[in-house]
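Asks: First to last, the protein sequences are chains A and B.
Take the first sequence: its position 273, counted from the start at 1, is 273 in my numbering, and no numbers get skipped.
Numbers given in my numbering equal positions in the second sequence, counted from 1, plus 415.
Where hints are given, some of them may not hold.
[As the list claims (entries may be wrong)] Lysine-lysine pairs mimicking BS3-like chemistry, simulated, CA-CA at most 30 Å apart:
1) A:Lys-214 to B:Lys-604
2) A:Lys-371 to A:Lys-356
3) B:Lys-471 to B:Lys-568
4) A:Lys-214 to A:Lys-125
5) B:Lys-617 to B:Lys-568
6) A:Lys-146 to A:Lys-214
7) A:Lys-32 to A:Lys-48
8) B:Lys-604 to B:Lys-617
9) A:Lys-32 to A:Lys-356
10) B:Lys-727 to B:Lys-418
11) B:Lys-727 to A:Lys-48
12) A:Lys-214 to B:Lys-617
13) B:Lys-418 to B:Lys-568
14) A:Lys-214 to B:Lys-727
15) A:Lys-48 to B:Lys-471
[Said to hold, decoys possible] Not everything, but these chain A residues come out facing chain B in the computed CB check (under 8 Å):
16) Leu-114
17) Gln-163
18) Gln-350
19) Gly-358
Because the hints were derived from the structure by calculation, they are not lab data.
If you're wondering where the values come from, they're calculated on a predicted model, not measured in any experiment.
Cβ coordinates follow ideal geometry from the N, Cα and C atoms, glycine included.
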Amino acid sequence: MATEVLPRLKGKRHRLERPELLAPAGNLEKLKYAVHYGADAVYIGGQKYGLRSNADNFTFDEMREGVEFAARYGAKVFVATNIYAHNEDIEGLEDYLRELEAAGIAAIIAADPLIVETAMRVSPKLEVHLSTQQSTLNWQAVQFWKNEGLPRVVLGRETSLEQIAEIKANVDIEIEAFIHGAMCSSFSGRCVLSNHFTDRDSNRGGCCQSCRWKYDLHVPEQGAVDEEDLFTMGSKDLCMIEHMPALIESGVDSFKIEGRMKSLHYVATVVNAYRQAIDTYFENPDSYELNPAWVEEINKAANRPLNTGFFFDTPGAEDHIYEAEDKAAPYDFAGVVMDYDPATGWATIQQRNHFKPGQEIEFFGPEGFFKQIVGELTDDQGEPLNAARHPLQLVRLRTEHPVRPMDMMRKRINK
Amino acid sequence: MSKRTELLCTAASLDELERLIAAGADAFVIGETRYGMRLAGEFSEAQIAAAVAMAKPRGVRIYVSINNLIENERLPELPGYIDTLAAAGVDAIVFGDPAVLMTVRASHPELGLHWNAEMTSTNYATANFWGRRGATRFVVARELNMDQIVEMKQHTELQVEVQVHGMTNIYHSKRYLLQSYADHNRTTKPADLPPGQLVTGKDQGLFLMEAERPEERFPIFEDSNGTHVMSSDDICMLENLHELLEAGIDSLKIDGFMKSTIYNETVVRAYRQAIDAYYADPAGYQFDEAALEPIQALQDPDRELSFGFFYKEQVY
């Protein structure tokens, strides 16, 4: 993993507009938290045409509610329609796109030219963003899609910061890049492992992540190379929190976080950290310094070890996961703040995981962070509890500092 | 293009090209790894010109693959490379990246343009999109079934190419995964290291096995385009070739990637005979079981001859 920050590209900062922070939202609650924690836009999946056929995915009614909620924060909602369609998917596409437009969706993220073209024809108010599934790596290909009328391209995850800057220098178009989360180790869209292993169609949302399975690598006449640490294609997850100035100055217009299948806690934690980093940079680029707390926060939500993907160089041995994976962070999501009484200092918490008096917990939100020990605990009628046992149960406890609705609570766990 | 279905092959060398012409190939896809992916062999610009000179007088067409996922750094070379190919007299360019399409359209609109995005050419509307942008042919994704392929042909004016024999790519990464794995093992247990470095090219015979699928061997190799994993079976549609011929598929491809010349020669000859027998009497055509035997005799016993995805339903 490259650790040094690139020199200022071309010797100067050539861009100082604030990039969009784009977050995943697997359901309506996650959408609300992503926006509340600082996402400028969120992307979601609908019931069809998306690549996460196992996710909750939004109905049109939920989309409308999500769009309305996001609008209160000035945030937009995008829908991933990023499958490679088969013949039988053509029917129904026009109606689906019109429904998205009517629901107030700002943009679709599409890979298949069928979907790109149809959207431009039938739903002109929907912006069309070219998905990373097209694995677009060069500026002429980006120019092609601009000529087609697309305002934005999500680049392949194989592009480096220097290549991105070169694309921006050659084509006047918005560039979106993944900055955080899990990665296909293949060129996106160029993998049919799932099809071959399980007859599940990876490019229509059926991916079973065979790249993360373990394999024996055989050399003819020698047998398996290593029987302990098996071969895998699985990559560490992407994390660019330590390199925000280089990323911002490369000219990327939208910073995308992966993870429509990730938890509420994950989305809030990661969005919160990047929001703070971007805002800190724009307060004063010259005095910007990485706050170690952002890295710590991100590590508390991490599912896998982290790396910087292709931004600085081609990933090597240290960027893949050959050994058994540790549970990355000794923290668990424990609850969300529903209410707070400043007169008494007691908060009402909706339970999301077991916790009890004496345990170390952390509260965090867009406006603050602190740790404390759980003291006295009651149910919502004031009856004492020796633990918060029930999912979604409302409980009360005294917090050492003021908290706000939608602040989150996590607990430290003993590994 | 003639009404007759084309028998398209790959070639690893000028010598193999000559032998496969003799065996009955109508056309070839060749090229070099600098511009194309997973080619049977390397053809320099001079060798491509020699291939055209060998093929043209016999009515055999030469297509050159420029279907890499292209990075900025490679763009400046493209126009010159395409000029050279056009001057050599090649018939078409195989492309996946829009940058190649734009370059060919700008400078050599007379060249055929075959859209081959491999796994992602999955419906006729998308094929027709590329057709309106200049493509003359598209290559159907190998993960489609017969019904889908026939339906695609019915809904397009473009030539339709279908792979009927050989292995297919199932995973392509820009990462050097084999080298990374070797480096990892060197770091963690230097004492156990086998002598010499792991050699990772396509001729090394490396393969992956998965614990629950002990019968299947997935070839894996690295080249300058990254890491490639290939299917554990070889498609063989000889038995049901008439279904594709009846559907009017324009080009049937035998991919000779990672196969010997003698194997490819045998396969091409068998398909040539089946196609000729079909056209001699389409109504009375019957598959001759014996036609498979020469292929089976040379088939790697660890690799099943299968129908690929032609008769499968996939879920998602």
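Asks: Run every hint past the structure and note whether it holds.
Replies: These are the hints, each one checked on the structure:
1. A:Lys-214 to B:Lys-604: holds, 18 Å
2. A:Lys-371 to A:Lys-356: holds, 15 Å
3. B:Lys-471 to B:Lys-568: holds, 28 Å
4. A:Lys-214 to A:Lys-125: Outside the cut-off at roughly 45 Å; violated.
5. B:Lys-617 to B:Lys-568: Cα-Cα ~34 Å, so violated.
6. A:Lys-146 to A:Lys-214: violated, 41 Å
7. A:Lys-32 to A:Lys-48: The given pair, whose Cα atoms are some 22 Å apart, holds under the 30 Å limit.
8. B:Lys-604 to B:Lys-617: With Cα atoms ~26 Å apart, Lys-604 (chain B) and Lys-617 (chain B) stay inside 30 Å; holds.
9. A:Lys-32 to A:Lys-356: With a Cα-Cα distance of about 28 Å, the restraint between Lys-32 (chain A) and Lys-356 (chain A) holds, given a limit of 30 Å.
10. B:Lys-727 to B:Lys-418: holds, 29 Å
11. B:Lys-727 to A:Lys-48: With Cα atoms ~22 Å apart, Lys-727 (chain B) and Lys-48 (chain A) stay inside 30 Å; holds.
12. A:Lys-214 to B:Lys-617: holds, 21 Å
13. B:Lys-418 to B:Lys-568: Holds - the C-alpha atoms of Lys-568 (chain B) and Lys-418 (chain B) are around 14 Å apart, at most 30 Å.
14. A:Lys-214 to B:Lys-727: Status holds; Cα separation ~26 Å.
15. A:Lys-48 to B:Lys-471: Status violated; Cα separation ~49 Å.
16. Leu-114: holds, 4 Å
17. Gln-163: holds, 5 Å
18. Gln-350: Where the cut-off is 8 Å and the nearest Cβ of chain B is about 34 Å from Gln-350 (chain A), the hint is violated.
19. Gly-358: violated, 40 Å
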